[in-house]
Amino acid sequence: MNSAPVPDAAEVGAPAPPPSKKPAPTLDSKGPQRFKALFTWLGFIVVIVVCGIRVDANLVQLFSANSMENMGRILGELSRPDWSYANRIMPAMIETVQIAIAGTIIGSVLAVPVALLCAVNIMPKKIISIPARIVLNLVRTIPDLLFAAVFVAVFGIGAFAGMLALIFFSFGLVAKLTYEAIEAIDPGPLEAMTASGANKIQLIVFGVIPQALPYFFSYVLYTFEVNVRAASVLGFVGAGGIGLHLDQQLNSLRYDRASTIILLTLVIVLVIDYASTYLRRKLL
Amino acid sequence: MIEFKNVVKQYPNGTIGLNNINLTIGEGEFVVIVGLSGAGKSTLLRSINRLHDISSGEILVDGKSITRAGGKQLRRIRRDIGMIFQSFNLVKRATVLRNVLTGRVGYHSTFSTMFGYFPKEDHDIALDALNRVNIREKAYSRADQLSGGQQQRVSIARALAQKPKVILADEPVASLDPLTTRQVMDDLQRINRELKITTIVNLHFIDLAREYATRIIGLRAGEVVFDGPVSEATDAKFAEIYGRPIHEDELLAAEAAKGGVLA
Chain U
498 MNSAPVPDAA
508 EVGAPAPPPS
518 KKPAPTLDSK
528 GPQRFKALFT
538 WLGFIVVIVV
548 CGIRVDANLV
558 QLFSANSMEN
568 MGRILGELSR
578 PDWSYANRIM
588 PAMIETVQIA
598 IAGTIIGSVL
608 AVPVALLCAV
618 NIMPKKIISI
628 PARIVLNLVR
638 TIPDLLFAAV
648 FVAVFGIGAF
658 AGMLALIFFS
668 FGLVAKLTYE
678 AIEAIDPGPL
688 EAMTASGANK
698 IQLIVFGVIP
708 QALPYFFSYV
718 LYTFEVNVRA
728 ASVLGFVGAG
738 GIGLHLDQQL
748 NSLRYDRAST
758 IILLTLVIVL
768 VIDYASTYLR
778 RKLL
Chain F
5 MIEFKNVVKQ
15 YPNGTIGLNN
25 INLTIGEGEF
35 VVIVGLSGAG
45 KSTLLRSINR
55 LHDISSGEIL
65 VDGKSITRAG
75 GKQLRRIRRD
85 IGMIFQSFNL
95 VKRATVLRNV
105 LTGRVGYHST
115 FSTMFGYFPK
125 EDHDIALDAL
135 NRVNIREKAY
145 SRADQLSGGQ
155 QQRVSIARAL
165 AQKPKVILAD
175 EPVASLDPLT
185 TRQVMDDLQR
195 INRELKITTI
205 VNLHFIDLAR
215 EYATRIIGLR
225 AGEVVFDGPV
235 SEATDAKFAE
245 IYGRPIHEDE
255 LLAAEAAKGG
265 VLA
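Chains as they are written, first to last, in the working numbering: chain U, 498 to 781; chain F, 5 to 267.
It is worth saying that the hints were derived from the structure and are not from the lab.
Mimicking DSS-like on lysine-lysine, the simulated pairs with C-alpha atoms at most 27 Å apart in a straight line are: (1) K697(U) <-> K167(F); (2) K697(U) <-> K96(F); (3) K622(U) <-> K76(F); (4) K697(U) <-> K622(U); (5) K96(F) <-> K779(U); (6) K76(F) <-> K623(U); (7) K697(U) <-> K124(F).
Work out the full structure: start from the sequences and follow the hints.
In structure tokens, the structure reads:
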């Protein structure tokens, strides 16, 4: 589509950043191409084999009668969900979505000033933008479940810890995507604002925000989608939501009830994904 | 009105952008700056409102030194100088009215503009400015729904909303077709005459310069090589400014004829 920066693992499926003006990379050497392909494949196979040995991958165990039987039994139980259980987990399901909403909104609001500090076209002083980016990268290195575990240890078991975890997670994601969007805006209006005697804040209010706002909202919606999925497993570390129930049912081998939870989560995630994708398309 | 005193612009790589410019531009003049691309037209224009900093010398706007001003004082001087760009520089997603209103921000405190609110007087000024360039009826359209010529008129209205004493136009018609070029130049001329706003325009069309200017300044390699009324700006003079005979594509009439053949 366009030669936007390649998203890292956390953002696969992230909304496309605004078009940038960088030219697409071209292949300029033809000669060593064949060897390159060969070595790429060799390297690829070596990596798979080495990793397979390290994780004790065992094809015999994978297809052994015992594993096959276990798999069949669990799948069988999962395929008969206990629908009567659905009513009892509704409050937890709603709590999951609430954790995601609160975490997304608070985290995204906090992300705005930081995104402005990171964008070099708004903040040309490297002494501010580089430390801001380092902080952002540090926040983004920590997975949401680790945040949740830490906050559970500090604030105790419950949804509050989960919300805090998602605030940090959303903050990192939204701030990064937004500052990249800000850096890709049309500089013309900013120049015009400067020429008309606007100060920095007026430049941001009238030049940057109108251009970056649709992208920002799109990223917030995307982050919300990710957060609903994240919130449904936060309970595994005690940070509230549906995950706690899923953990309990799995531990007590009630796969019928686990199946109900999984299906319900699936429905909610699908509905939210669909609605959010629709809204994002309308925005851009 | 605008005074250049020994203005020199040297780029970090050593290239001379402007070489010892001394000029005085009086109130109400319609000055057209001509020269080859790279001659320093844009640098000269942008040094007036300090979108570009100069290396040495001084520029006075209405008696105040913009080269020494800083912070609030600089923004105050810029408020009195409207600017029009080749690529219009409008916020494309915003409405026309919203774009014109941004010309008013210099008159308000940071706090009162922070939430994007403008008083009724500003709306009247903005609509009046749109009226002057004959696109009042487009006030509530999104800027990117307008044609190039209309967008350039919106940007003229935005400059007018500043209630400027000076209008700078950097190649205002370079991305327009011959017909809309005339409309935009007519607008600029009318505003110059009716509101007595000093107007300085960079152009690369020689016939257009002769038609609209009251004074032509020729630049070559960062130096003023011609400065005089239109009557003195003969073809021979232009050949001198350009350092070579005039080309066909430097005449709007030739461009228009070419367009006519194609159409």
